Amino acid sequence: MKISAWLQKPWGWLVILGLAALLCGAALAAAGTMKVTQSNQSLHAEPNFSGTPIAPVPPGAEVNVATISGDWYQVEYQGNTGWMHRQAFAQTQAPKVGLPGMLFGGGVKQTKSDEVALAGKGFTPEVEAGYRQKNPNMNYAQVDRVESYKVAPAQLQAFIKEGGLNP
Amino acid sequence: MRRRILLGVCLVAALGLVGGCAGMDYTSVANIALKTAPKVAAASRPINDSEEYYVGRAVAARILSANRLYTDPQLTLYVNEVGETVARKSPMPNTYKGYHFAVLDTSEPNAFACPGGIIFVTKGLVLMCGNEDELAAVLAHEVAHVANKDGINSISKARWTEVLTTLGTETAKQYGGAGGQLVTLFEGSIDDVFKTIVVNGYSRGAEEAADAQAVKTLQKAGYDPAALEALLTKMASKSGGATGIYKTHPPTADRLAKLKSETPKGTPGKMEEVRTKRFQSIKM
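Residue numbers (our numbering), protein chains in the order written: chain G, 1 to 167; chain X, 1 to 284.
Wrong hints could be hidden among the right ones.
Said to hold, decoys possible - Think about it this way: if two alpha-carbon atoms lie no more than 27 Å apart in a straight line, the pair counts; the simulated DSSO-like pairs of lysine-lysine are: (1) X/K149 - G/K161; (2) G/K35 - X/K97; (3) X/K157 - X/K238; (4) G/K150 - X/K283; (5) G/K134 - X/K258.
To be verified - Here are some of the chain G residues that sit facing chain X, going by a computed Cβ distance under 10 Å: (6) K35; (7) N137; (8) Y149; (9) E162.
As the list claims (entries may be wrong) - What follows is a list of derived Cβ distance ranges for each label pair: (10) X/K277 - G/S148: 27 to 33 Å; (11) G/S148 - X/K270: 34 to 40 Å; (12) G/I54 - X/E262: 16 to 22 Å; (13) G/K150 - X/N200: 27 to 33 Å; (14) G/Q155 - X/K270: 51 to 57 Å; (15) G/N64 - X/P268: 48 to 54 Å; (16) G/T37 - X/S237: 38 to 44 Å.
I should point out that these hints are in silico values taken from the structure, not numbers from a laboratory.
Bear in mind the structure is a predicted one, so any value in this text is a computation, not a measurement.
C-beta atoms are modelled at their ideal positions from N, C-alpha and C, and glycine is treated no differently.
Same shape as in the complex, but just chain X (with noise of 0.2 Å):
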């Protein structure tokens, strides 16, 4: 019996240096692999790279629609310069297809993180920081949720589960199509991807993590790290209700006091005055 195993994986071998060395097509094994392979990847896999930006996506396009995207190109090149410098200093540099960063056309300040790296931040919080360093915080913040996967992480672990279930059977059968179940699912997991950071908001913990981590990274950046703190002491100033950002990202005294206490003191230099005057000749 063990003779025969043994010369069953020689053969197969040795028709895979024959063929390998001959250039053969192996459509039909890729096929036979392309069938097996989710199976033993339903074992269990987190979701991938392109599958965080495929869910992304789907979240951006019902974020625009409901809102309207503000498309003034001098404003959108700023956002996007800002959000690109404060991007390649925070611990996730580049996603699958890049950041893109988006005004949404709203009075309401609010930023949502898409995940795979869309961001949007509305014109209201645009409005509502003082200066670049302030938006380079909003953004830094927004980045971190991305580099963090809290978007991502709010899919549901049965959900995920039984789309890794579902791997094994439908798609495997139907290689290049996409099996209804799996349509399904995926607009499952949007609805939990939405409802975290359009409805709820995130977590505590999410909050001050992705807090802690925009001080990082405005400080390898070069802007002011107390930049956030400001914005924040601003925006608990303001009475804003349970709405918009006070409900997704809210300034409570926790908060706060947790990110006073993370946050480095030091000067404005001489350069934050050329950013503020830069911010300031942005029209809206």
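Excised from the complex, chain G in its bound form (with noise of 0.2 Å):
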């Protein structure tokens, strides 16, 4: 059927409209400001942790979000392009976006709470939760010491400089 046809059908002016929605919906999909809320974060080369980062992202900085990648966010941050996590964003509000970003496999609108946005996968914060009320004597206060456990940057470099190591 020609395009002129369609147009002289109600529902041909509906398929244009859709299609325009699409095409519309995909430039809208990821396109957003979201502020860096945690600290110790870096622009990554790649939608994963290998690799060495491209540069740190301090709490507070806003990033201009291009496209969403599952957990992974590619932004730009002064003049830089590179990926970060989503635990970056935790508790913040995610761009807005609507129904088209869903539909393009862009980010939805983000709960609250981290945890709870991370519901729906397998191991979770509520999976450790249940595991702990089920496993009392596991020592998670020891855990979450050790997780504390963490070198600045300024010291690091010093020990570095200092052992006639690489930076």
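Since each chain comes alone in its own frame, lean on the hints to assemble the complex.
Laid out in structure tokens, this is it:
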């Protein structure tokens, strides 16, 4: 059927409007600005933690989101383009996206809690809570203590320099 | 029929366009997506970074239930400095929540790499190391196990398939909650990993791959790449029986021979003395 014939039918206009909506939706899918809320976050060259980070991104920094792929957001920050994990934005609003965003794999509106945002995945904070309830003898207090061990970047640099190691 | 399908698609898309522009709250739509997406994902996917992190935390909690943490701040900081120095030169410089190194208060030499980046080294193994480069070798080897996902990969395929199947049913219905079946599967996964990294040890292939990676990491970091060989030779010369590190990371003749063939030869630099001095200055 020719396009002119489509336009003579009422549903033909709907088809055209629909196609326009799909195209527009693709463009709107992931555009937006997000604020980094967590410390020790970096831009990564690929959507994974392998490789040396491109640049650190401090808490409070606003980044422009280009695309979203699973847990990873491709963002632009201070002239650098790279990937940031969803954890960087925990407990904040994701960019405003509508159904088009979801149709095209863009970000959905996040809930306020990172825990709830992770629901629907396999091993989550809720599963850990269930495990801890079932196994109260597991020493999670000490795990939290170990997770607090962190070397300040300046201190690490000084350590590397003092030992004649490669930065 | 085709017209109806086409019309349906267009109506949904148009609704999305109008709604998206108007900033509508799509909570109910998101809920539907959350309920159906896991079913689609259940087809097949590997364990992701956050899931690995929660498994690692549970394995660490189990290790710390049986072993006391050695909390001396000077040694803890030093081990983290050495650990971070090698981790940043490894194939995985960062993890979901970062690397954290800790010392276990036991004289039995051993080291454990929990999935996600918590790495334990015992006081006994630190004492066995003669210098900082050998400690770096231990930590580079454990970081390689994390990077190679040797711990997390010990979760049985059947168990993980069951997790994915469960995701398509129970969790989707209990948005925000954890199903009892998932907790049971989580427990089983912790058992799988614990048995590998604490009880039985890694496969010979995983050990050799971690050795080879550790040598590369040491070299990139500026440490003596021969430090791992030196430590393993020392371990092999002591009769450790079949417990502790002699079971989890056995220094077999084959392993040593392979490591020797892969280790570049070099002469210790002046800075190695500086590092050895600061290693010796740590009181234990």
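Hints versus structure:
no.	hint	verdict
1	X/K149 - G/K161	30 Å, violated
2	G/K35 - X/K97	19 Å, holds
3	X/K157 - X/K238	37 Å, violated
4	G/K150 - X/K283	20 Å, holds
5	G/K134 - X/K258	44 Å, violated
6	K35	18 Å, violated
7	N137	6 Å, holds
8	Y149	5 Å, holds
9	E162	7 Å, holds
10	X/K277 - G/S148: 27 to 33 Å	29 Å, holds
11	G/S148 - X/K270: 34 to 40 Å	35 Å, holds
12	G/I54 - X/E262: 16 to 22 Å	31 Å, violated
13	G/K150 - X/N200: 27 to 33 Å	32 Å, holds
14	G/Q155 - X/K270: 51 to 57 Å	23 Å, violated
15	G/N64 - X/P268: 48 to 54 Å	49 Å, holds
16	G/T37 - X/S237: 38 to 44 Å	52 Å, violated
Of the numbered hints listed earlier, those contradicted by the structure are 1, 3, 5, 6, 12, 14 and 16.
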